[in-house]
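Participant: For reference, the chains in residue letters:
There are 2 protein chains.
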Amino acid sequence: MINSGCSTGSLLSSIISSHRHLAVCPVPTVLLLFPSSRALTMVNENQHTCSASSSSKSDGGSSSGSESSKDSSRCSTPVLDAERHERLREKMRRRQDSGDRWFSLEFFPPRTANAAVNLISRFDRMAAGGPLFIDVTWHPAGDPGSDKETSSMIIANTAVNYCGLETILHMTCCNQTKDDITGHLQKAKRLGLKNIMALRGDPVGEEWEEEVHGFNHAVDLVKHIRSEFDDYFDICVAGYPKGHPEAESYEADLKYLKEKVLAGADFIITQLFFRSETFLKFMRDCQAIGITCPIIPGIFPIQGYHSLRQLVKLSKLEVPQEIKDVIEPIKDNDAAIRNYGVELAVSMCRELLDSGLVHGLHFYTLNREVATTEVLKRLGIWNEDPRRPLPWAVSAHPKRRVEDVRPIFWASRPKSYIYRTQEWDDFPNGRWGNSSSPAFGELKDYYLFYLKSKSPREELLKMWGEELTGEESVFEVFTCYITGEPNKNGHRVTCMPWNDDPLATETSLLKEQLEKVNRRGILTINSQPNINGKPSTDPIFGWGPSGGYVFQKAYLEFFASSEIVTALLKVLKKYELRVNYHIVNVKGQNITNAPDLQPNAVTWGIFPGREIIQPTVVDPVSFLSWKDEAFALWIEQWAKLYEEESPSRMIIQYIHDNYYLVNLVDNDFPLENCLWQVVDDTFELLNSPPQQ
Amino acid sequence: MINSGCSTGSLLSSIISSHRHLAVCPVPTVLLLFPSSRALTMVNENQHTCSASSSSKSDGGSSSGSESSKDSSRCSTPVLDAERHERLREKMRRRQDSGDRWFSLEFFPPRTANAAVNLISRFDRMAAGGPLFIDVTWHPAGDPGSDKETSSMIIANTAVNYCGLETILHMTCCNQTKDDITGHLQKAKRLGLKNIMALRGDPVGEEWEEEVHGFNHAVDLVKHIRSEFDDYFDICVAGYPKGHPEAESYEADLKYLKEKVLAGADFIITQLFFRSETFLKFMRDCQAIGITCPIIPGIFPIQGYHSLRQLVKLSKLEVPQEIKDVIEPIKDNDAAIRNYGVELAVSMCRELLDSGLVHGLHFYTLNREVATTEVLKRLGIWNEDPRRPLPWAVSAHPKRRVEDVRPIFWASRPKSYIYRTQEWDDFPNGRWGNSSSPAFGELKDYYLFYLKSKSPREELLKMWGEELTGEESVFEVFTCYITGEPNKNGHRVTCMPWNDDPLATETSLLKEQLEKVNRRGILTINSQPNINGKPSTDPIFGWGPSGGYVFQKAYLEFFASSEIVTALLKVLKKYELRVNYHIVNVKGQNITNAPDLQPNAVTWGIFPGREIIQPTVVDPVSFLSWKDEAFALWIEQWAKLYEEESPSRMIIQYIHDNYYLVNLVDNDFPLENCLWQVVDDTFELLNSPPQQ
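From first to last, the protein sequence lines are chains S and Y.
To convert, note that position 685 of the first sequence is 700 in our numbering; the numbers rise steadily by one, no gaps.
To convert, note that position 427 of the second sequence is 442 in our numbering; the numbers rise steadily by one, no gaps.
No wet-lab data here; the hints were simulated from the structure.
All of these numbers come straight from a predicted model, not from anything done at the bench.
Hints are not guaranteed to be accurate.
Any copy will do: because identical chains look the same in the list, a pair fits if it lies in one copy or spans two.
As the list claims (entries may be wrong) - Derived DSS-like pairs (lysine-lysine); straight-line CA-CA distance at most 30 Å:
no., residue 1, residue 2
1, K238, K589
2, K588, K106
3, K549, K477
4, K106, K589
Just chain S, with the same shape it has in the complex (with noise of 0.2 Å):
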């Protein structure tokens, strides 16, 4: 059966957002570089449901340019990864002359909102191993370019924006007026994208006529672009290495793609093949007829019978009589066949860069992790060790490409502190320290989008308690997060409000100390040790280039009682000039001894031949819109899981009423963690009879 993703609602409603009606509808999905055939293609041999569809308008072109043109007035972000600033013609430029060998991969739009959510952690997973690029099929039935959080644009979006991906939109032509062609891309534009693979895409009904003025031919998707974008996007062009299977001949076809590289095309991918001789004949002939610029193969590893003869159905492929001759005794043993799948992929893969024509390879992932990544391995080109350039993942929007230090306070949100500072064109905004306003985006639209949790209210109720009694019940599911152990209830917390994954491997190594001090009640949210200078190539801490030294200082954020607070506070005069503190509580009520409102630099690098690197500070005016949403994160996701009026809701609504959030920096970061003494040295007082 064959389904594709169409549902109901806005970007806001929600990708991270699970629960919805679903309803089966047939609408085709397309997959991979397919010639035009009437009956699109399916290959994923799962079946999928959609939630019921509705309309949904393609948002409306205002060109709030997002390329930005204060490069040349502003300090310039150092350099850390030359890449991170060219477009993606240029890194494949520079990949070749390097000799460094790349992958890309290819996903599909998925059909529901629960897939969706799954397929942004994928991406999140598959851009460890270091892809130059990822990109997005379009779905001319799906509505691709809508809103909603299944669209082909939205996918995008979101690979771009918040996983930080280099990504190539897919884009389809015919069938379609150049209003709304226009519409699409000034869209992509607006949110970011930067490049567009142009597709004909398959007429619809049986009987397809040429329009006279119309987009009949991938070439005029191409011309199009170039005329009412210029230079803006990268365009990507499809190759068929045995010829597209509507072509008079192999060679009209070749004429046909030399036509759209005239027309602009910067970069070919290419049809799936079977064999490598395939390719680097077609590679050749495209060289002798003069098509210069990079041809990547498209890989396709097979990964099961079915979706193996569903795909040469569709695709008029031929498979080889070799392949066919061991995949038909094994065609019941998915494993088998799969196992096969990633065999030859890795040898074909092993001849094309053998080859010496071959830098990067296009892999056709089906959605799916195991067989792709396997191969990747077996090729050396996923990357075990990725050098994360900063402490944190870096957005791939071109307008962000200058941002290199954010609020330590988001580290575990960061999809949110991307949506927060949407609207900014400087990162960040104006500098904090000068401005009174750092203009985060208002919270009341972030409740709707991020305050969520991926997890289900049972799940959560099991995790943080179907009944609390008390503060205390509260601690315990701190300490429970902390400790990994099970609640009395036999279950793990492995979210909380403030973080939806599992203990960071750089939290763990506090936990013991954190365990100590959530069970008395200081109930931390974020913390990170202190390192007086470990190689940037540390598998825990390193971030940036090697050959450099990362440095922190150790950072503690909390909610406690006011009691707690008032200890706190006379214990912090003891350490007036090592520590510094920023207190507040729901009302804004703020108690700090930053001086005159300056960042504080809690992460920085030392690296050969550039500037230094601070990634990470501890703002005091961002804190404040930070306070906001922490705080709010008690109502939204945890006390909305109760009963109005009951006691759960009014102990979790006591603590957002009457706690305060603290932040505690020790600045002296080549000495011993301090503050686990300030924490001790509080209870301590706590303890202490009163004195006269």
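Position chain Y against the provided structure of chain S, taking the given hints into account.
Facilitator: Structure of chain Y alone, referenced to chain S:
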């Protein structure tokens, strides 16, 4: 005899240069805050000479505002020193609020170019004690607004821009047209001066009649400044603790003082006095009639019998009998009088400070150091261990207050750097790395102004050799400069073309290695050791606020022959990832392994509650501007000491034409500096037999 400075020549013919024809010219000197009297004051007992005077037009007032309006869009300079961004009246207020006591120093313009050179050295030395400001008196008869190196305007300009001192320029108004005064003020603003001491000045000739619409009183000048320049300048006015001698009465003079304050004066500095009660009564009387601005007592440490007598005659002040009683018997013993003067000043200052009414003390230095420094040290307000806000002296020009990073190359020539970057609007200009032309001031201007040595030709020849016999005799000069040992003719080499001062303390620590390499033809002109986190209070390496840590990468810069450079390049291959290098000859042929022309931070600091500061970089782009200067110094300062065509001159010319300028950075700052090993390896390679 009464003399005053008036000398030929423009700014460009130099404060620093020292050779000129001298002639005695009898022009009165304005000094201190004297009541108007026909014959102006002279309290400096030494005789002075001055060069023949010449006419010199005051600079017209094209208004290139010196206030930066870009602060909000640029990255902020991390505020290391809060006072750096404040105007003088705010600094005073801050000191008053914090209870920190301060002092300021008054100087008069020197009479000769030689004296100007000495005065600037004195500024640099006295700046070390941490004055809140200095002020420079105005010589109406000495062409005070001109571009002469001895004019009030140019001395104040030098103090604020090149010595980094907050500076008040005196200005008098009587007998001047409105246009003249406006022109002076515009020029002062253009030069970066922010503070004016508004005085009436002394009428010329026996008879003096008030002009109806002219400037007859200081209050007229105060009003004029406020009406023409709004709030741009901080304005200081004079107060007379005993009343102005021409005033009708003490009370009338107080009322007049209040008028000056109401007209816009920000604070008051008083005429000198001999008893603390005099000042304290005056202060109370001021307060009683509603004068609330700061009133700063003017302190005059008695430094000699004759200067005191002259002073008394001119100022019409009466010396108390108890002082006369002490002084008369010892009037021929200068040392005894000065000791007494110091005693007296110290005890009076203590009384003033103990009163709780006085926070700052203003010293009439008579352009001398000893007595004032002694008083300040005895009072404990001379800053024995001045905290350097940055490792280089910060310019006090308001435009440059955001400056927080400089290339290391000009470390020994900071005034040259300031001169060559005076046209910049940003510091650095656009960010070197993003700009192919950092637009350093042309070297052809620069030749005229700063390329000259402080020392006369004969001294330089004694140090650098009357006759050179080969490159080795040049090596010998470099080696003697490093070791401090006398050369073969018994003369110590106390300066070099690239270093007008003896070796820095920091460099002395490298003395042994430097001596070894200079002896063999690695002619070092700049270096720093690596530092891995010394406290910011370290007496040698420390800078910035206390509680921080400072770091350095090892740096070495030298000239060397092409033979050495060829071997060096081979050796550097072994250190490719660790050592960054730039190697360039006079023609600009440039070899480097710096990535993407990015600056390499070589000095940085981490401080409590602040962003990272990286004040010194090795910048590939500005290195090419420095290269021109560094090579030019061989010719301008050294070769030109010798006759044209002489062997000595040809040796220097040969080095200039054929040597390379090299800089090396060891990026691995936590390890032992490898640059000495690089140099050793180079010599080893040079000495090894050629391999087949």
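Participant: Give a verdict on every hint.
Facilitator: Hint-by-hint comparison with the structure:
Neither within a single protomer nor between protomers do K238 and K589 lie at most 30 Å apart by alpha-carbon distance, with minima of 70 Å and 51 Å respectively. For the homomeric pair K588 and K106, the shortest alpha-carbon distance between copies (27 Å) is at most 30 Å, but the shortest distance inside one copy (53 Å) is not. Within a single copy, K549 and K477 get their C-alpha atoms no closer than 40 Å, and across copies no closer than 52 Å, so neither meets the 30 Å cut-off. In this assembly of identical chains, K106 and K589 lie within 30 Å of each other by CA distance solely across copies; the values are 29 Å between and 53 Å within a copy.
Consistency note: the structure conflicts with the earlier hints numbered 1 and 3.
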